[in-house]
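Peer 1: Once you have looked at the hints, place chain C on chain F.
Number of protein chains: 2
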Amino acid sequence: MTSAPLPPNSQTPTIGVFDSGFGGLTVLRALAERLPQARYAFVGDTARLPYGSKSRRTIARYAVQSAQFLVREQGAEFLVIACNTASALALDAIQDAVPVPVLGVIQPGAQAARAASHSGDVLVIATDATVHSHAYSAACQALGLRAIEKACPLLVPLVEEGWTSHPVTSEVIEVYLNELRAQAASAGFRPDTLVLGCTHYPLIRPLIEQAVTPGVRVIDSAESTAETALAMFGSHFAPALPGQKPELHFYATDSIEKFERLGSHFLGRPVGKVHLIDLGG
Amino acid sequence: MTSAPLPPNSQTPTIGVFDSGFGGLTVLRALAERLPQARYAFVGDTARLPYGSKSRRTIARYAVQSAQFLVREQGAEFLVIACNTASALALDAIQDAVPVPVLGVIQPGAQAARAASHSGDVLVIATDATVHSHAYSAACQALGLRAIEKACPLLVPLVEEGWTSHPVTSEVIEVYLNELRAQAASAGFRPDTLVLGCTHYPLIRPLIEQAVTPGVRVIDSAESTAETALAMFGSHFAPALPGQKPELHFYATDSIEKFERLGSHFLGRPVGKVHLIDLGG
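Chains as they are written, first to last, in this note's numbering: chain F, 1 to 281; chain C, 1 to 281.
Incorrect hints may appear among the rest.
Because identical chains share one entry, a pair is satisfied inside a single copy or across any pair of copies.
[What the hints assert, rightly or not] Here are the simulated DSS-like pairs of lysine-lysine, each with C-alpha atoms no more than 30 Å apart in a straight line:
id : residue 1 : residue 2
1  : K150      : K273
2  : K258      : K245
3  : K150      : K258
4  : K273      : K245
5  : K150      : K245
Hint data in this document are derived by calculation from the structure and do not stem from the laboratory. Keep in mind the model is a prediction, meaning the values are calculated, not measured.
Isolated chain F, as found in the complex (with noise of 0.2 Å):
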């Protein structure tokens, strides 16, 4: 996960955040609770998603731009891929392109089921790269779990049309959760552990908890992965003052106006100024 040693203390580091869209708002979020004495910039790279469908080789590339504007031009200190998509794919390439310590959300994700699960036998649930990647099955298999992974390309469009306590999206999560479930079986696995393998899926969270197997635990990947942030980089940072807020800056490559209405939703508290940057391409 640390690509380099870590930087010189300070007052006031930055946490450099990245997405595909805004839905890593659901990591900032957690981030922002925990450390909120951090200074925080945030890249969406929304003139480009999604990232789900798109191939390894575009993704890193896409992934390495968003990263170097962070480091080089906002001085971010330490860096979380907030987008699964990118952490299952481009990890190394950021790493390799960037002198800070890179924190993806698979392998804090992967650490928690560890934890919740007493069968050692883990769902997740992703987008199609995610999946297709396999990283969360490498990561669950390197810490002694078996992990069976399912793609469900239909709730980031569910989700990002708003449509989150929707009896249409329960319906089709019991779809994805019940072909999930057969596979599951015939694997002759036990699960007990549901990972949530894509940042938007905590806005639907309540819908998958009814809908998962009674005994299952929901691990949400975003909380997982702001608490292994807060291990690896907390004691970098003075102590919080009581009802500190942090500081808070977002860019995006596109649809400016989309990432502030709807990514309140994401960050439970409004965005305010997104401001519009240019990656290339």
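Peer 2: Same frame as chain F, now just chain C:
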């Protein structure tokens, strides 16, 4: 670019067809049925789809790059913009950028609605960006029609998930059409025509036909565009030989495998080899 330009041939001029993805293959299919004696070069800008959520500036830049590839590298003498979003937002930019006749899908859709509608009140369903451009409203108004447009962002992902006859898709269509009917009623409309303003929608036309108010006619802008192309370009081609099969060439900027796998549903036959091209970005 991986492919060398072919010299123009007066016997078999090339029609360049462009889409952000492979939905435009429904337009190519309709074209190839009517002009099997043409050579076709199709570009899907799959690295940068979907256009539907991007800004006019970005869409115009992307679309012009694809149009220039088709004209400069493929020798296209006619261009069909088989993408509603690009037709709505970038037709002028493309016409300024290339020296060949350019046909979009909006105008033919509006003309077909004009021919079909008795009440003069028309409904249009499309992507977010197409609706926000109000290109269909403007084109309809210019023909003396009143139009109400409705964005249906979930329909493309449902088609791409292959749920083209799934009950969930019918439910989503029902939700959207109910909202549209309520909007039309409150505006005092008496609609008798529904335009499918997205190249993905022909694949769920049977479900849409089931959901419309009885008596409302469904217009497929892919079909209308092919009819208009025949009228505009047809005289430049030698007559088709009996049973002639069109010469088809496919290019995409990413996700070749997905294009080859899913494209056949849109084209109505196997797509075969798709060539990867790099348009920058």
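Peer 1: Hints broken by the structure, by number, lowest first?
Peer 2: 5
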